[in-house]
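Trainee: Just need the whole structure built from these sequences, with the hints factored in.
Numbered per my numbering, the sequence shown spans residues 436 to 841.
Treat the hints with care, since some could be wrong.
As the list claims (entries may be wrong) - Label pairs and their in silico Cβ distance ranges:
1. G444 / D609: 18 to 24 Å
2. P797 / A753: 35 to 41 Å
3. A741 / Q496: 27 to 33 Å
4. A521 / A672: 30 to 36 Å
5. P797 / P703: 34 to 40 Å
6. A579 / D785: 50 to 56 Å
7. A672 / N752: 48 to 54 Å
8. T612 / D746: 29 to 35 Å
9. A579 / E660: 38 to 44 Å
Since the hints were made in silico from the structure, they are not lab data.
In this text the structure is predicted, and so the values were computed from the model without any measurement.
Each residue gets a CB set at the ideal place from its N, CA and C atoms; glycine is no exception.
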Amino acid sequence: MVQAHYLAGLDLRGRRVVVVGGGSVAQRRIPNLVAAGADVHVVAIDPTPTVESEPAITVHQRAYATGDLDGAWYALACTDDPDVNATVVDDATASRVFCVRADDGSAGTAVTPASGHHRDLQFGVLAGGDHRRSAAARAAITAAFADGASLTVDDEARHAPGVALVGGGPGAADLITVRGRRLLAEADVVVADRLAPVALLDELGPQVEVIDAAKVPYGRAMRQEQINEILVDRAKAGKFVVRLKGGDPYVYGRGYEELQACVAAGVPVAVVPGVTSPISAPGLAGVPVTHRGVAHEFVVVSGHVAPDDPDSLTDWNALAKLRGTIVLMMAVKRIDAFARALLDGGRPGDTPVAFIENASRPDQRLIRADLASAARVAGEQALIAPAIAVIGPVAGFDDADRAVPL
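Mentor: So this is what it looks like as structure tokens:
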């Protein structure tokens, strides 16, 4: 019997990969291409906010043109126009570049397996084009690795309709909870945030509807009311919907607003807590938010509005008088205002500050300063969101910098 495809692993480090199309399929594939070290170029007329704002890729916001595959080692045709996808495959074939065609796998020269990870093991499943079956097999293998159970593949199993608000952790795919990952594998619809572990979207079968609910800071964003409507409408249509968020759903994630919308509509809803970034991001950078004899409290504060904004609910003078740890989230744009408010309230200028940018991702950065110089250092270092600021004595700890990694 001749197999339809030959399974192989590609070394894409530093090699050009062209993704044509910037919709939900591209959004699923890009994180794992980036994680593999590929030089990813996206050609798309209207990329999703998550694709458009991905810092590790190059986005060409225009229509595909012959010649875009020059120098490519691998290509993916992911547009919603079959004619464009066919042209991409034809151009790739002429250039002897393997090409995945997302809308018709049999018409491409390569296919993407349903892949997964367990520790340092990577595995892939092909089922002759039966994507639901390959996704079910992948889920079964993942579950068996997790709990040591025997493998039983049930590609007909369906989760009951409803909504799960899943906290995905600080960003890395392996920091989501076991329950969150299991429910994600059972989803019919995934409504994903930009800061969720989007690499996990590549593990979903093509039958799963992925909706980009990104909220790009001071950029494109889906209205919260629209997100609520999507959750309710899809669940009422008999779908199991996973609302995949970064961190924890209830820590500046508007999770309770979504729960209220589901309850009001009579839609079954569950919450899956996530590893929250105000604690995990400092920890990943070697900064404890508490320490015996140093910090007996820590406070998490939103930087969404400035200290002098009428909508601010924070008592900055009271914060300045605390001796423990302050963790500022969503504070990159206004760090000068927050630092000044704390200084004006009496916090010493030599109080250590640690900025953690892109926590848990390969491009994670730790930037150190003190409160008096925090705004200047953030500007000099071109600090970008997502980043948090840790203010207090613990931010000056550096023993973890010398620790031997496992």
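Trainee: Starting from the hint list further up, note which numbers the structure goes against and sort them upward.
Mentor: Per hint list: zero violations.
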